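Okay, here's what each chain looks like letter by letter:
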Amino acid sequence: MKVAQKLATRRRVLEGIYHGAVVSVGLPFLDCFLDSKGRALASTGESLPVRFGTWFWGLGLCPGRWEPKATGPNFVLPDLLKVLSPFREQITILSGMRAALDGNVNRVHWSGGRAVTAGEVLDNLPSVDTIISGAIGDATRFRSLEVSATAEKTVAAELVGAYSWSIRNANSVNAGETSPLAFYGRIFGREFHDPNAAEFKPDPRLMARESALSAITESRQGLVKQLGAADRARLDQYFTSLRQLEHQIAVQLEKPPPLPACVLPKVPVEPERANSDDVEATIEKHAILVNLVALALACDQTRVANIYFTSGGLRRPGATTTHHVLTHEEQVDLKLGYQARVSWYEARMMENFVTMLRSLDGIKEGDGTLLDHSLILAFSEHGYAKLHTLDNIPMFLAGKAGGRVRTGMHIKAAGDPVTRVGLTIQQAMGLSVGSFGAGSMKTDRPFAELLV
Amino acid sequence: MSRCALQKILIGVALAASASACHQQVNSARTIRGGGPLVIQRLTPQQYRQSIADIFGPDIKIGPLPPILNRQAGLLEVGAAATSIPPSDLEKFASAARSIAAQVTDEKHRSALIGCPEIEKHRIDPSCADRFISEVGRLLYRRPLVAEEMRAQRKVARAALSDLGGAYAGIEANLTSMLTAPQFLFRWETTEPDSAEPRLQRLDGYSRAMRLSFFLWNTTPDQQLLDVAESNKIQTMEEWDRQVDRMLHSPRLEDGVRAFFEDMLGFDGFGSLSKDPTLYPKFTTAVADDVQEQTLKTILDTLLTRDGDYRDLFTTRSTFLTRRLGAIYGVAVIDPEGWQPFQFSPRDPRGAGILSQASFVALHSHPGRSSPTLRGKAIRQSLLCQRVPDPPGNVDFKLVEDTNNPAYRTARQRLTAHATQPMCTGCHKLMDPIGLGLENFDTGGSYRQAENGAVIDPSGRLDGIDFKSAVELGRALHDNPATVSCLVTRVYEYAVGRSLTTEETKWIQDDLKMAFEKHGHRLVPLMRDIVTSGQFVEIHPQSPAIVASQGPVQSLP
Chain L
1 MKVAQKLATR RRVLEGIYHG AVVSVGLPFL DCFLDSKGRA LASTGESLPV RFGTWFWGLG
61 LCPGRWEPKA TGPNFVLPDL LKVLSPFREQ ITILSGMRAA LDGNVNRVHW SGGRAVTAGE
121 VLDNLPSVDT IISGAIGDAT RFRSLEVSAT AEKTVAAELV GAYSWSIRNA NSVNAGETSP
181 LAFYGRIFGR EFHDPNAAEF KPDPRLMARE SALSAITESR QGLVKQLGAA DRARLDQYFT
241 SLRQLEHQIA VQLEKPPPLP ACVLPKVPVE PERANSDDVE ATIEKHAILV NLVALALACD
301 QTRVANIYFT SGGLRRPGAT TTHHVLTHEE QVDLKLGYQA RVSWYEARMM ENFVTMLRSL
361 DGIKEGDGTL LDHSLILAFS EHGYAKLHTL DNIPMFLAGK AGGRVRTGMH IKAAGDPVTR
421 VGLTIQQAMG LSVGSFGAGS MKTDRPFAEL LV
Chain B
453 MSRCALQKIL IGVALAASAS ACHQQVNSAR TIRGGGPLVI QRLTPQQYRQ SIADIFGPDI
513 KIGPLPPILN RQAGLLEVGA AATSIPPSDL EKFASAARSI AAQVTDEKHR SALIGCPEIE
573 KHRIDPSCAD RFISEVGRLL YRRPLVAEEM RAQRKVARAA LSDLGGAYAG IEANLTSMLT
633 APQFLFRWET TEPDSAEPRL QRLDGYSRAM RLSFFLWNTT PDQQLLDVAE SNKIQTMEEW
693 DRQVDRMLHS PRLEDGVRAF FEDMLGFDGF GSLSKDPTLY PKFTTAVADD VQEQTLKTIL
753 DTLLTRDGDY RDLFTTRSTF LTRRLGAIYG VAVIDPEGWQ PFQFSPRDPR GAGILSQASF
813 VALHSHPGRS SPTLRGKAIR QSLLCQRVPD PPGNVDFKLV EDTNNPAYRT ARQRLTAHAT
873 QPMCTGCHKL MDPIGLGLEN FDTGGSYRQA ENGAVIDPSG RLDGIDFKSA VELGRALHDN
933 PATVSCLVTR VYEYAVGRSL TTEETKWIQD DLKMAFEKHG HRLVPLMRDI VTSGQFVEIH
993 PQSPAIVASQ GPVQSLP
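Protein chains in written order, with the working numbering: chain L, 1 to 452; chain B, 453 to 1009.
Source of the hints: derived by calculation from the structure; they are not laboratory data.
Bear in mind that the values here come from a model prediction, so they are computed numbers and not experimental data.
Heads up, the beta-carbon is just placed ideally off N, CA and C, and yes, glycines get one too.
Incorrect hints may appear among the rest.
Interface residues of chain B toward chain L, partial, derived using beta-carbon atoms under 10 Å [what the hints assert, rightly or not]: (1) PRO489; (2) ILE512; (3) LYS513; (4) PRO516; (5) PRO539; (6) ARG550; (7) ALA611; (8) ALA612; (9) ALA625; (10) GLN635; (11) LEU637; (12) ASP720; (13) ASP842; (14) ARG866.
The task is simple: from the sequences and hints, build the whole structure.
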């Protein structure tokens, strides 16, 4: 409604000076160019927006190989995490936390991820990224963006082909875009306005498009008549999505404030074998995608991004087994004390976590980097994939959330529910939320030591 | 004229049901009343593409469309009735809408598709534009636009003309709007009181036309069907039978049958299927397309061209090959481009119909090796409609041996080691003994006699029937009663877009399945029985409880 009113006003303002004419008059900013405290977004970086992101890898990490011995700030990175050294002060390691089934079936490779992201092992509650994007997503063209480096056959049986944990409810999933080219087109294609361009020329077609959408809204009443509750909810979801489209148009009709950190990426080359389960091809694609995501954040196209690296269905070229099959079938090497071939994949996971962090950290923004102005939750879905365990699920936080969180810590919360992380994140992102999760995982205890 | 007599005349000899079967069918249609809940399905990408091709012609290009991800009761078509449109999906639909609208109104297409004269420069006759929108709106929404919708579209056209100018800006905006609307993106069913029994609800004429058309042709209703819906003649038995007949005899029935089997066999899984190019260099993307087409061609040939027994799909030796597939099967194919009919010899171990075809064995495998467990599970779930319990979350794989262990060279040996674990035995017994029958086929679909130098023993057991080879497994599946009831249930659920109601489970077994058996397990009479049953069009105002159509967990032998 808000957007429609704004458009109505703007239509009056702009009518007449349109028809392709260059408009450089200053128009009133939308809320989207104000940060959550209402201050105008300045190019000095003082009040840059805080972004939220998730980064998922499947199949956990071998227990005992990733948790530092010491807790607090004075920990030593274990071998498997050595690769994180350059970011030691920008991350927090979270160990020991568990997902509780509360009598529900352990849907392998699924329940644990739902517990981390939604605070339950069922499919009813929204994931934390959608809660956050619901609160801050209206500021930008896209409420949230989802990408997936993999197009493998997912390890979990649920939502095959979605490559995403971003779930509003069981009927509405924000699927991960698997093509860098398509993702580029969606963000930086014809409809992208460079915030740093000298001239702003709003596209008159956007106006026509807006009225085309408003005609749909007008027919809503006629459609709900015979609907049952479930279908009504589906239709509501449709109209939520429609408002999001209208919102995108509203944002595009405004001249964006300049953002020095925003640089247009080159059109990406679609990697060969982009849709294979080949681990090398996936790593290559991941690097391209996280760069695009970082620039989408720097250009303030969205403030919430979800990155899906792999569910664990990857395979080394020529190998007959995938990482997932190996977790179950490879014997523990008695000398090493862990599964050697599985461990090779785990090292790749951590390397790619670093690739993502580098992409964010490589963008200078204000007095810091994009990573400093972000909060990233990196998580997996099992503790020990070999046994499908739901305790000691590995999680990391990265970025300082614009100074709202402390980093450089190892927090060991043995036996606590994973929901403490979700609650901490929401509070760090400025949401006034007192508890998170369902059943025995419901918690009102954030990690206060992390919140500034 | 009685319904039965008329039907016989229309059907002709080829497809005529016996008189008793025909009575059976009419009776069965009346054994239960009440129907199921209203169903509102999101269009699948294929239905979207086919609708656009039917309405605007096949040369309109359509970009990527979001797929249905939610498989329910074994079918995406049922999942489509529980799927909404999240923002990223609507963005894709909106972008497809803009692109289609731009093409329909471009200089290449406008005169043929719209045909409104320009009465002056940059202006077309508004009443002609109005007529076009009302006509095309009826095709897109599968019913006429209501007055309010027409008004809204006129407003859209006016705004676009003033914002953009140009003669076709209004129509382009209207098309964009309608193609993005839920009225188009969802199949929107509505009801009316049943004239015979006004206490009960039935699908109204347009919804009836829609259900029929998507089931039989996997596309939007054509003009003729919409016309009889508009006059409400579609609600008479004579007209309904006439339309059913027309559609069942059309070559377009192939599209519907294809869509059903693609869904039932889970061919969407090919989207994320990859085979290691160093191990299986013959299994390229083109081959992945060919293996699906091979199976679909076998199905269409068996069930439509030959009007044969559904169960023969698991025993037939006839198929079609391309030169690329010839390389997989080790068969010389002369035609470099096209499809060539091919028959495996009676003693060829690859004569287990679609079971031994590359589409089945490759889809249900690991990328680098075969999987008797996955194949057994697929037979249970997709072909017998039985649910296999999920592996226990805390399963201990300690004793599963390494594939490089020289003592366990074949899958049978490795699985035996694993499945003797008491915890694992239960489930693996449901799957492995079936899947082991297909071990002569590697993950790339090729025939092999040995794995890692050890001779493969393809014997196994399906529900108490021992078999020694894939061909005998095919025979066992052919003779398994669950094979038949599974197909009947799946086709019905596909047709109505939902799981069975409690009442329907008995009707399916006692009536629909019996009729199917009497008709020699032929698909077309089954489809006819479904669409001419009362159940197909009756709607229960309060949705009755839906039972899970997946059969009970298979008990241990």
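Each hint, compared with the structure:
Because the smallest distance between the Cβ of PRO489 (chain B) and any Cβ of chain L comes to about 7 Å, under 10 Å, the interface hint for this residue holds. Taking 10 Å as the C-beta contact cut-off toward chain L, the hint placing ILE512 (chain B) at the interface is violated, the least distance being around 18 Å. For LYS513 (chain B), the shortest C-beta to C-beta distance to chain L is roughly 15 Å, which exceeds 10 Å, and the interface hint is violated. At a threshold of 10 Å, the smallest CB-CB gap from PRO516 (chain B) to chain L is about 7 Å, leaving the interface hint in force.
The restraint placing PRO539 (chain B) at the interface with chain L holds, with a minimum CB-CB distance near 4 Å, inside the 10 Å limit. The interface hint given for ARG550 (chain B) holds, since its Cβ lies 7 Å from the closest Cβ of chain L, which is under the 10 Å cut-off. Annotation: interface hint on ALA611 (chain B) holds; nearest CB of chain L at approximately 4 Å, less than 10 Å. Nearest Cβ of chain L to the Cβ of ALA612 (chain B): about 4 Å, under the 10 Å cut. The hint holds.
At about 5 Å, the closest approach between the beta carbon of ALA625 (chain B) and any beta carbon in chain L falls short of 10 Å, and the interface hint on this residue holds. Below 10 Å, beta-carbon pairs count as interface contacts, and GLN635 (chain B) has one with chain L at about 7 Å; its hint therefore holds. With its C-beta approaching chain L no nearer than about 8 Å, LEU637 (chain B) sits inside the 10 Å limit, and its interface hint holds. Here the hint on ASP720 (chain B) is kept, as its CB sits about 7 Å from the closest CB of chain L, short of 10 Å.
Using the Cβ-Cβ criterion of 10 Å, the hint placing ASP842 (chain B) at the interface with chain L is satisfied: the shortest such distance is roughly 7 Å. About 8 Å separates the beta-carbon of ARG866 (chain B) from the nearest beta-carbon of chain L, less than 10 Å, and the hint is met.
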